[in-house]
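Student: Given the structure of chain A, go ahead and fit chain B onto it with the hints provided.
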Amino acid sequence: MNLTIFLLALFDGISYAALVFIVALGLTLIFGVMRILNIAHGSLYAIGAYATVSLTGFFLALGFAPVFAFPLMLVSAVLVGVLLGGPIEWLLLRRIYDKPEVLQLLVTFAVFMILEDVQRLVWGTQPYFQASALQALGNVTVFGVTYTVYQLILLPMVAIGLLLGLRFFLRHTVIGKLILATTEDREAAQSIGIDAERVFLFTFTVGAVLAGLGGALASPTTSILPGMGADMIVLSFAVVATAGLGQIGGAAVAALMIGLGRSFAVYVWPEVAVLVPYLIMVLVLLVRPEGLFGSPVARKI
Amino acid sequence: MKNLLTSSALCMALPMAAWAADKPETLKIGMTTFLTGSASVFGVPARDAMDIFVENRNAEGGINGVPIEVTYIDEGAGAEALTSEFRRMADSGGAEVMLAAISSGNCQTLAPLAEDLKVPNLMWDCGTQRIFEEADYEYVFRPQGNATSEMLAAVAYLLKTHPDFETIAVVNQDYAWGRDSWEIFHTALEVMKPDVEVVGEFFPKFGSPDFSTEISRLQALRPDVVLSTSWGGDLDTFVQQAFQRGLMNTSTFVLPLAESSLERLGNALPAGHIIGARGDHYFLHPERREDEDFTSFMAQYKEATGGIPVYSVFHASQAFAALTAAYEKAIADNDVDWPSEEQLLAALDGLEFQGLGRKLHLREDHQGVESQLMGTSVQTGEYPFATLENIMIFDGEGLLPPVGEESTAWIRTLDAGFVDSLSVETYEN
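Listed in order, the protein sequences are those of chains A and B. Numbers 0 to 300, taken from numbering that gives the first Met the number 0, label the letters of the first sequence in order. Numbers 0 to 428, taken from numbering that gives the first Met the number 0, label the letters of the second sequence in order.
One chain only, chain A, in its complex shape:
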């Protein structure tokens, strides 16, 4: 393997990792704070993608410029968070925080199944493709290989921005500190007057927005079709488990490992590319059952 091929695989791995990380970020944030593994995250991702495609299609048909697709991604993500994430926490999850984990898992799984059918009901079964945002940014050629600016530059930048932004938010803002305190010890936080319910609602909504944003950002690169959410939840769960549940920085590292592992596999041994994320997860969990960055006792975000 020469240097060029090494670099090409690196680029592919990074842009893939960026997208997976954005989705995994919401999943791990919700788990870190609320200790709930939200399977419905996959549906929120898919609905974020569908919403972006529909909104973009609608506004472009009205004659707006393709660049307009970018704000629409944000709009879709926020809509997903507010219209779906909020109500899910408020109506369902709030009632089951004290229940066994299996029940929590089943409830979010049920929400996932319901939302899968809702997608089918609203958007049907035919694949959609809406690449205006990606085409608006053009291409860049590296070592004779053409990449889209969107995938090679924009996605990694958004991922890094979200990672740094979320860290800053949690450590240096009042709301962030309230979230950290609630995560550390819910009862103690409530005893000093923190409204844990509002913290949970807020956290879940932010997590859902991140899922929707992941879908929105993925939408120009891939076909939007039923089942895309299931694939993504499995992959982002692999990332989150490899990192250690609730570990935000760890998720970034794990996403990179999985993304790079997969892209190098395509160059070196394409037959195993599908297996690589899970091989990495298994290897890590065999050595460190709590994940790369997880601590066996207290979970922190």
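Quick caveat, the hints were computed from the structure, so don't treat them as lab data. You may find that some hints are simply not true.
Claimed, not checked - Covered stretches of chain B (chain A as the covering partner; in silico rule of three or more C-beta atoms under 8 Å from a C-beta of chain A): (1) 26-38; (2) 200-208; (3) 213-219; (4) 232-244.
Glycine residues also receive a C-beta, built at the ideal position from the N, C-alpha and C atoms.
Tutor: Frame of chain A, contents of chain B only:
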């Protein structure tokens, strides 16, 4: 004692079976199709089309006055639900004929089951060539071609239009069809153009949302030809991503199933790439587009769905045509009001019928002989998506191994002269 009674009763009933049956109130048909899952890109259009065929036929009085009633079974529900629904339809549901299936895996499960249940089954859309090559069936027929004829037509068209290409890479879905179709294609290339070098073989997982890495790899490899037998969302994503990154300017793509993605791909499928249709299936079929039955169906379909029909619609039309032709023939041959199962099976043997494409017939191994249409993509501006030019329609007969022979073994006996031995009609568009 009870056994003895039953068998004597059966023995008495057996000779009766050869006689005509009573005319039923309705002719019940069970059709398996994908209503959910990624293959619903084929299943839903086929169901919509079948509804139209049945409605039209019933408006003309059905078959000998008997209206047709189709019940759909979702293949997307999983193999277990599918087999139990199939069994129920054929057993207690009163279905006289079953149409199954789209998925090759489902055909392989349901063909032996149909044989066990003694219900005539038309394998209306699945591609695997293995079924009739590995076993003999009395009740199972295929009113369409198979993977062998489809892949050989793609190879032949490629060799006719790009005789000088030197390197090829493949990007197929990682499941039976992706692997099998590449085996046929590759074997054929080896005997017909042995100097071609295979520079890359990629089998990304079924339903993969991202082919970026494969595309980078292909751009570094620069193969003359990129083959992909993918379909549905996978094909759309692959072509879109390849188009976005300029790969389609440097390599010629061979996409034997892309007729079913033309409308969705829009302007992302540039001119100059090879498109197949799993048979002579094309909404502008050069030999059929002026025909009244063809144009009136296109109008009806457009009105019902808003789109253009894809190959699964043509396959559904062939299955429906085979079904009605078999009943008519059985009724006429035996001069009865309604045929018995035996008479129906006899009529299906060697049956000739015509759906929306060219005429087809069933061989003695029950395999259908279907012409294969291949073309090159072109963006004329007349439609908001690519259409075909330099269309070739290959006669199906030469593309199938002789009855009783296994495809790969037969292909190994062919040579470079095969392409010229095929009977083909060429059309500008």
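Student: Run every hint past the structure and note whether it holds.
Tutor: Each hint tested on the structure:
1. 26-38: holds (count 4)
2. 200-208: Result for this restraint: holds, n = 7.
3. 213-219: holds (count 5)
4. 232-244: holds (count 8)
Consistency note: the structure conflicts with none of the earlier hints.
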